[in-house]
Amino acid sequence: MSALTWFYLAAGGWVLAAAAALAGRGAPRLIHTACVLSGLAGAAGIAGGASALWWGNSRVVSAGGSVIVGTLQLQASSLAGAFAALLGLVALAIAAYAFRYHEAGPHTAIYLAVFNLACLGCLAVLAAANVVTFLVAWESVALLCYLLILRHPGRTDVAGGAFWFLALSETGFVLLVAAFVILAAKTHSMQLDLIATRAHLVPAGWRDAAYLLALTGFGFKAGLVPLHVWLPEAHPVAPADGSAFLSGLVVNLGAYGIALFAFRLLPVGPAWLGLLTMGAGAITAAIGILYALNERDLKRFLAFSTIENTGIIVTAFGAAMTFGAYGQRALWAFLLLAGLYHVANHGTYKTLLFLEAGVIEHTTGTRDMDRLGGLIHRLPRSAVITLIGTLGIAALPPLNGFVSEWLIFQGLFQGFRTGSHLVGILIVVAAATLGLTGGLAIYAFVRGYGIPFLGMARTRQSAEAAETGQPVAGPGLLAVACVALAVGAPLVVLALSRAVGTVTGVTLRPDLLPGNLTIIPAHTDFSAFSPTYLTVFLVAVTVVPVLIYLSGRPGADSVTVPVWDGGMVTFRPRMQYSAMTFSAPTRVTFDALYRPSVSMHRASDDPAGRSGPVHYETEVTPVFQRYLYTPVVRAVEWLADVIRPMQSGDVNVYLLYLFLVILAAYLIGAL
Amino acid sequence: MTAVRPGASGTLAGLLGAVSGASLSGIGNAVAVRLPAAELERAAHHLTGAGARLADLFAAGQDPVDLHLIWALDGEDHYLITQAEVTGDQYPPLSDIAPAAFAEECEIYEQFGIRPASGKPLNRVMLPPHAGPDFPRLGRQPPVPPADLHAPHTVGGHAFEFPFGPVRQVGVESLYYGLVTSGEEIVDLYMFTWHKHRGLEWRLRGRTPREASFHVERTEGLSAVGVGWAFAAAVEAALDVTAPAQAQRTRAVALELERLYNHAAATAALCQATGLSIGQAAAEIALERLLRLNAAVFGHRYLFGVVQPGGVRRAPDADAVRGGLHGAHGELRRAADALASTNSFLDRLEAAGIVTGEQARRLGLVGPVARASGQRIDSRADHPAPPYVEHRPAVATRDRGDVLARFQVMHEEAAESVRLIDDLLEAGAGDGTQELPAAAGSGLGWAETPRGEALVFVGLDQDGRITRARLRPASVRNWRGFDDACRSQNVFTDVPIIEASFWLTVAGTAR
Amino acid sequence: MTDGDPALSSQQDQPGVPPPASGSEPGPELAAGRQLSERIARQFGRSLHIRTLDTGSCAACEQEIRLLAAPHYDLNRLGFFFTPAPRHADLLMVTGPMVRAFDVAARKTYEAMPGPKIVVATGACALGGVYQPDAFVHGSVAEILSVDVWIPGCPPSPLTLLQGLLVAVDRLAEKVGGLSFAADETQEAAQ
Amino acid sequence: MALWFLRGLRRGVVTTGYPARSDDSAARLPTPPAFRPAALDRSTADRLVAVCPSLALRREADVLVFDVGACTACGRCQDAVPGAAAPSGEFELAATSRAHLVKRIPLLREAGT
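Residue numbers (numbering that gives the first Met the number 0), protein chains in the order written: chain W, 0 to 670; chain U, 0 to 510; chain C, 0 to 190; chain Z, 0 to 112.
These aren't lab readings, by the way, just hints derived from the structure by calculation. Hints are supplied without guarantee of correctness; some may be wrong.
[Said to hold, decoys possible] Pair ranges (Cβ atoms, derived):
1) W/His600 to U/Asn342: 29 to 37 angstroms
2) C/Gly114 to W/Pro584: 34 to 42 angstroms
3) U/Arg204 to W/Pro584: 49 to 57 angstroms
4) W/Pro561 to U/Thr492: 26 to 34 angstroms
5) U/Thr492 to Z/Ser21: 41 to 49 angstroms
6) W/Val568 to Z/Gly82: 52 to 60 angstroms
7) U/Arg41 to C/Gln131: 26 to 34 angstroms
8) U/Asn342 to W/Val632: 45 to 53 angstroms
9) W/Thr541 to U/Thr492: 28 to 36 angstroms
10) W/His600 to U/Pro144: 25 to 33 angstroms
Owing to the predicted nature of the structure, the values given are computational and were not obtained by experimental measurement. Ideal placement from N, C-alpha and C gives every residue a C-beta, glycine not left out.
My request is simple: use the sequences and hints to build the entire structure.
Okay, structure coming up:
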């Protein structure tokens, strides 16, 4: 079966799932059915994506259409293949998760219907073969996600978070339309393939403008700093699977868009575009992780780490474009491959982490890390699954995050192969920034895992949390995927190299995979490694000593005594590091960025007041909201006030407006 | 020690004018004013207004309990004791007027079961949590057990408590403190010391002064002479005995030797806290030489058994002093000079553990800590007892109130001590003891220990046995400035440095 | 009096060792102490780690113990080291009359140490000299911990402490057992 | 640090030779008394016991029991009964048995009976 056929199956599955959910008005059985259908559709999506990766672009299928609206045109392109497979995986995991997570009911029915349609929309975006189809699908995804976030409209901040999302994606949409219009006008075609083949017709200035518009437009969705503010607002208020979908897929659609423009539609641009993209990515990565470090809310924390990962992906793309501009076609293709790999990894573990965050919130009733603690004893299964995801996202071997980030670094280290020293230095600087980001990411996730799961429970809820029917299948599947993406790295690289081959026309395969399980990135004389052997080795290194210890040692001569506590105290939960105190050193080191504020007052300073309560708080200034967006919002409001007088409400005036507009359009046409 | 002429004191006259029903008497060398309990509050207001320093507050007797407030009139060369009998279980809240009194209010509550009329919760400072009704006390068991100190709970997540001790570094006393930190800076700090309380004041009852002095100088081993002298002076005041002049000079020699070795030890501890082990070694060489000098001069490295009520038991070996003192002090001075030019050391001291003069005054701090905060308090100069009447010390002060200021004050004092010892030996220091009559009486004694003013109040019954002995070493006062010093913009690695610069003992405050 | 003289060390189990004043039995404890210190000497060679424990001392003993590490005495040259962590400690130096409020901490510290471990009662308070047993103090460390070595003195000078440590690891013969503290006998011995 | 290095060189070594060689600073240390049985009868023994502040002395019939472990070398006994006791000069007092620190000193007969 061709990739497109799989896509049809998936689409059908999601439509049916939506229908089933709605039909039953949220009857448990039909919810169940809906989830099963949605899962099957996801599986089909995986298959479709995989075959698209493998067999390359399919033919373009057109349906219906008219001169004005344009036609519906679909195509399974190999660039979209990776994203489609990821979409399938995410949908499958969420389907396995949702029916346990949501209590049955009409709201759930609507929610699931919206969710399945959103999946459909994403698939449409990925399969769109012409501009109109793409834009319509894109817009529908935006609206459907807006509804997803509004699952619990009653709760505080939900409306606000959803609005941040909608406002920013609409702003982005306008820019996208502009970008596409430029391309369509200059290549006289609405079809992506033709645009790609006629890209040389686009004058340089227009091409750069189109790319910048697209970068910004998709950047809103992908969460490039400073366009990222919707993520930390929308993710916490969305239901767990909703935010998992947002971070695992929707954000990656932004990356897809950028890749679409950078590699398929406008293959090789000037170097400065690449450097610009790379810089934006590097800054995004660093700032994302730095803000993640000072979040106490689990989901806001994960949202910021999503921003960081987007940054890493975009950095890879940008570096690829730079190399392309300097004619390093192998590196150009290779970094695209590495970026796509990271997309797949990030989608997997970020979905996993959001789903588990949902489990924690569900069982303990809070997302505040400083109210959790000791969950490893209460939720062992979640603890194991989350640990896998955490190791992955912290890019520690032998998990998948390490593989892709290592590949990206290997690419960036080739910076010296561009002719220009300056560019080489810039690329290395970007690599250094990613290095800092990687280190901080480990710090952040030691904190993000240690505070909630290790130590003592800080509140009664977290002390009494229990594993009763929390969904395990979904996150478990993703955990398996994380391991598979690491252990099976050579296979993944092989598949991706075929896809990249179709996109760029560069065949990486023989250089890249000489042996079966070894990868030689970028340049044969530079470096090589084998994630598979590494995994085997690391597992052996950790397990064998334990076995020796257990076997070689008689149990008798070791005694167990209580933890040394200095003599008299009994440990209390308040005597352990909390999320905010753990990250205190960063607030000191990067205070220029955080501008931390400390508020503290004591009941009284008399010796008598000493044992009285002390109020102490330290907060981090939300720089971008305060110094960038608040002014913008004010400006918009001012503008609205200014143009209100136009809205007189008199029909004749509006007719006059219409007349003037048509007149203007006519005159422009005539000139 | 000469009794002070009552009328001589302007503050006293003012007090007598301010309160009604006051009756004047002389307790040995101090002036005592007995007031009705109702007048206590007004008297406290008046005295604090007149700049008197509430040096101590304690209770004695049982039904009624007899409150003693000891006021230091630092400007007027004498102490003023205001007494009031408290019937019932409440007395006017004094710590609202003189905040320094709070710890004593807590102690009185634990020991006598009476509390200030203010509703503020009283903390556990002395007796251990397991102290039940049959636990030995000076008075009655409090109706409600005192509150345990604990970390503030409203810091949720933004700071956490760092439990430390009581078993902590090697070779230091047991002390527990809970450090509340935001990960870097110190938000709050509290400590308890009841696990070292040996019930000394309870122990001394019914003993003769001579017997008691054995335990008195083991109250705070590092100021055996200072506390021992204060006790001896109290007994002598109570019995109106005067120690021979050469014995008093011997006491002073011993006291200044004690100051020397304590300041050397504090310097060594500072170096250890700042991780400057080579400086520590230098200071410890000086310290060991000073201790050996003590052994050579008085036959004991820590000068135990030199002072006894009525006089001294040993005469200093003047040749040993002349032979060793300047060499040993030179060792210390060279070490201090080298430290003063070691930036890595000074950087840790500067602006660390600041105690403002205001804090020092409100908390009633004494000794080098207060002097480093610009408080010119030195009982050798303010309340000179022989031999300090003719051998006046120059008081060293600083204004910054940080660790460096304490370091400098200590070393100025050390030099001054050497000068005093030379003068005292010049004037002639020998042994000699007055016999103590077995008679009733009560008296106040004081001495400037290396940590500051130590106060002892003694009450004797007619056959000369102790009915109430109040021991107040300087550590009792200065620990209450420690948490403020730690909270003043310090990161928690500064705490050991601040502790070393205070150079207090837990034994002294727990006694 | 040369140190480590076997003749002296042989004197210490002389006939007619009187029954002890305090409640501790001599024979088994002595034997246990000897065996233990031999094991220590064998097992730790020239590296033994010391943890101190203050159970209500007057701070003088602590000062003397700190001076053990000072240049004049430098206990590291003999293979002794201070360690703040009882987990790493082989020897516990206990000062003070064992305040009852400190029982818990004392037991915890002792339990936190890995075996084999020696307890050294340090200073007159710890040996039952200064404080009588009462509601505040036990009056002697032996009430709570099984003591292996006793170091008298108020406070014991660093030299005495050094000798005590060496006795503890059995590298210096115990000597006091052979002394009578009756003056003129020693004078006769001298003539 | 160079400054400290030079100071150290100038300062030289101060470390004691103990236990390999004897240390003369030991001569200055306070040491527990050695009693002279020749000067001890029951009454003097009782005076000594009375004056001892640290529970180190005790009389059992005709024997003065001296607990070296409890002794603080305060010297009160030497002051109280001149000639009955003198500093023993012993500073190597550590024992592995509490019993070794308890000395029994016989008293003269004639005074008591």
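Hints versus structure:
Distance hint check for W/His600 and U/Asn342: the Cβ-Cβ separation is about 36 angstroms, which falls inside the suggested range of 29 to 37 angstroms. At roughly 39 angstroms, the beta carbons of C/Gly114 and W/Pro584 sit within the given window of 34 to 42 angstroms. For the pair U/Arg204 and W/Pro584, the supplied restraint of 49 to 57 angstroms holds, since their beta-carbon distance comes to about 54 angstroms. The hinted range of 26 to 34 angstroms is satisfied by W/Pro561 and U/Thr492, whose Cβ atoms lie roughly 28 angstroms apart.
Under the hint 41 to 49 angstroms, the C-beta atoms of U/Thr492 and Z/Ser21, about 43 angstroms apart, fit the expected range. Under the hint 52 to 60 angstroms, the C-beta atoms of W/Val568 and Z/Gly82, about 55 angstroms apart, fit the expected range. Between U/Arg41 and C/Gln131 the beta carbon distance is about 45 angstroms. The supplied range of 26 to 34 angstroms is therefore violated. Separated by about 51 angstroms at the C-beta atoms, U/Asn342 and W/Val632 satisfy the suggested range of 45 to 53 angstroms.
Between W/Thr541 and U/Thr492 the C-beta distance comes to about 35 angstroms, which sits within the given range of 28 to 36 angstroms. Between W/His600 and U/Pro144 the C-beta distance comes to about 29 angstroms, which sits within the given range of 25 to 33 angstroms.
Violation of the numbered hints given earlier is confined to hint 7; every other hint is satisfied by the structure.
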